[in-house]
Amino acid sequence: MLFGKAKILRSHGWQYIPNLDGVTLTEEFRGFPLLSETKDTTDIERAAKICPTGALTAKPLTLDMGKCLFCGECQKCAPKNIKFTNEHRLAATRREDLVVVAGQTAPKFTVEAIRPEIAKYFGRALQLREVSAGGDCSVEMELNATGNVNFDFGRYGVGFTASPRHADGLVLTGPISANMAEALDICYNSIADPKILVICGSEAVSGGLYAESPAVERSFIDKYHVDLWLPGAPTHPLCFIDGITRLRKRR
Amino acid sequence: MKLYHVTNNNASAVAIADIPVVEYVELYNDLKERMTDSRYHVAHYFATEIERGLKFYLLLLDDATGEVLITSFIPDYYAEGLASLTALHPAFHPFEREMHELYGIAFDSHPWLKPLRFSHDRRDKESTMESYPFYTIDGDELHEVNVGPIHAGIIEPGAFRFICDGEQVLHLEIALGYQHRGVESEMVRNQNRLRQTLIAESTAGDTAVGHATAYAELIEKLANADIGDDLKRERMIAIELERIAMHLADTGALATDIGFQLYQVACEALRTVTINTSQAWCGNRFGKSVIRPLGTNHPLTDEKIALIRKNIADVRRRYNEVREDILEAHTLLARFEQCGLVPKSEMERIGGVGQAARASGLKRDIRATHPSGFYAEALTHTPILKHDGDVMSRLATRMDEVLQSADYIENALASYKPTAKIAAPDYDAKLQGDALSFSLIEGWRGEICHVALTDANGDIVKYKIKDPSLHNWLGLAIAVRSEGISDFPINNKSFNLSYCGHDL
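Sequence order for the protein chains is A and B.
With this note's numbering applied, the first sequence closes on residue 281, and no number is skipped along the way.
With this note's numbering applied, the second sequence closes on residue 559, and no number is skipped along the way.
If you are wondering where the hints come from, they were derived from the structure by calculation, not from laboratory data.
The structure presented is a predicted model; accordingly, all values stated were derived computationally and were not measured.
Heads up, some of the hints might be wrong.
[Said to hold, decoys possible] Restricting the straight-line Cα-Cα distance to at most 27 Å, the calculated cross-link-like pairs of lysine-lysine (DSSO-like) are: (1) B:Lys359 - A:Lys110; (2) B:Lys87 - B:Lys365; (3) A:Lys35 - B:Lys365; (4) A:Lys79 - A:Lys35; (5) A:Lys113 - B:Lys476.
Using the sequences and the hints given, assemble the complete structure.
Here it is, written out as structure tokens:
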């Protein structure tokens with residue numbers, strides 16, 4: 031028995047990523063897109079037409095990461111116009127910053143938009159309540175992964191808590207199914223002020239594929255102040271970790 | 056008169072004209088007898104609006120021959136109701152409940168005609184989540200425990216109502232629908248097939264490959280296209296990778312729930328290796344984007360094949376060490392053995408599918424009974440069966456399936472040299488008009504069934520999705536009866552069912 035456990039431990043080795051900020055994801059990963067305009071717009075117009083969520087516009091050339099599901103099809107259609115890089119640090123403090131324009135070389139992160147009290151209250155410890163409202167389970171699994179043996183976000187005092195009464199903020203996933211809208215609102219209002227609101231995953235940011243579905247009810251998004259927008263389908267654990275870390279840094 | 060059109064999971068789409076339109080009473084009488092034989096089970100049963108009233112389609116699977124039996128009926132417009140099949144065979148319950156909810160059809164003597172998911176297009180808008188008619192028992196000694204819709208962890212919402220005598224659960228009722236996004240109606244909002252593929256991927260994000268493959272095969276049947284041996288092989292690799300990743304996640308989750316940290320962290324790390332392998336293949340840790348209709352944007356290369364083989368060999372070796380230790384861990388066995396029993400007879404009655412059914416000794420595995428693609432042509436799959444139907448059996452099935460899937464991947468890649476160039480996806484292929492197309496895929500949870508109807512132009516006008524969870528949620532409710540309520544989490548994890556796949 032003991033020998034078996036020793037064997038597992040030996041094979042398990044050292045899984046902890048020492049420097050979370052130093053990770054470069056595989057080349058295949060589709061993160062921040064580089065956009066370049068071309069005279070001939072045939073390809074990019076075809077790409078915009080097939081874009082499943084209307085994230086891409088051809089004239090002017092823009093890509094809204096808050097709508098994008100990072101399927102990569104537009105890059106196949108218009109390789110001269112779009113190149114997804116493996117940059118996973120996609121967090122934004124303002125919704126409009128997620129719209130990438132031609133020639134932009136890095137994601138936009140407006141530090142000035144961060145409320146100064148966030149660092150003061152949550153700079154040392156931050157406990158979050160997650161609510162899934164129509165999430166497809168992949169974003170939820172990635173949020174679980176932020177606390178796992180590899181990423182161990184808990185080392186910076188960030189974790190997820192069961193009761194909204196114990197939480198400092200809410201992380202929303204999913205396009206907000208109408209059947210969950212009320213429970214979500216109750217949960218948010220059960221969290222004591224001051225609190226933060228994080229919108230995680232492209233489906234939560236914009237509704238994604240379900241933006242026009244009659245089964246979705248998104249008034250929550252307009253009603254409350256959002257502190258952090260995280261695109262992705264799903265949001266990569268490192269994107270979440272990077273976003274939260276930068277949100278808490280402003281002194 | 057012919058009652059069914061007989062086809063199989065490899066044939067092309069069926070012309071709607073070839074599907075018999077029968078009298079319900081004849082079908083009812085046939086199913087009454089036929090369904091007592093465990094070789095048959097329902098793959099899908101739904102209604103669709105026609106010019107005047109409704110047309111019903113039923114897809115029945117024959118596990119003994121691999122045949123798929125399809126039939127339809129159009130009840131009299133003024134008919135008051137239909138005799139319930141659920142009353143005879145409980146496996147029909149979610150389908151009849153759905154049709155009742157959507158169209159107000161009365162199913163006479165249905166024992167449990169409750170709302171299924173509170174979909175946006177339900178007939179009775181007065182019926183809401185708040186008014187769900189939970190089962191109640193009167194008694195001074197009893198109390199109710201309500202959990203949800205929001206649960207303690209990072210998990211999807213659903214409402215669980217326990218009726219307990221002290222610590223013992225007498226009854227559990229699971230009310231779902233909180234995750235309803237309108238998947239089926241969004242599928243037919245327009246004919247953008249890239250969008251449809253992505254909706255399939257998002258049906259249940261933990262089964263992205265499974266549902267996307269179901270969509271792709273359905274389209275390929277309508278296009279009457281053969282995608283070639285290489286692509287079939289690569290799809291098998293993707294779906295088995297997904298199975299490994301999720302079984303690892305669930306082994307870890309079960310360990311977490313009994314506070315067994317060693318297995319938990321070992322499995323977390325192994326799952327990371329597995330899903331990072333998917334990410335290195337296609338850019339997404341859940342395999343989103345690897346499956347596309349009629350082709351792929353991510354054909355395997357020699358480097359990627361080498362990486363998958365190396366990582367899966369490593370995962371297999373390390374997971375087997377965990378597995379061997381689990382089988383000797385008496386504190387774990389004390390919690391998992393003889394807990395949450397679902398006997399084979401019960402699993403059969405409720406129409407259980409997939410890994411949970413196999414843990415009860417019920418051989419339901421599409422890879423063996425109705426194989427398509429690589430499983431039909433190049434692999435003879437032997438389902439892993441356990442017989443106790445308890446938490447441990449459900450874990451043991453997962454553990455053995457991880458090793459089996461790893462072997463399938465290794466065998467399929469060992470001598471694989473991609474030669475012919477695999478086609479790029481095709482989102483514009485001409486589809487057969489006035490046809491019914493279905494696909495059956497064994498995802499990691501079990502049987503996935505997609506069905507589509509096309510109009511004269513070949514446009515998809517009706518799309519129905521069945522996630523295995525639709526059958527198995529009732530299995531979880533039955534498993535916890537007479538168990539301590541503190542054993543609910545391990546039972547829940549041993550099934551790990553999808554909320555969004557059920558709610559659609």
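Hint check results:
{"no.": "1", "hint": "B:Lys359 - A:Lys110", "verdict": "holds (25 Å)"}
{"no.": "2", "hint": "B:Lys87 - B:Lys365", "verdict": "violated (52 Å)"}
{"no.": "3", "hint": "A:Lys35 - B:Lys365", "verdict": "holds (23 Å)"}
{"no.": "4", "hint": "A:Lys79 - A:Lys35", "verdict": "violated (55 Å)"}
{"no.": "5", "hint": "A:Lys113 - B:Lys476", "verdict": "holds (23 Å)"}
Violation of the numbered hints given earlier is confined to hints 2 and 4; the remaining hints are satisfied by the structure.
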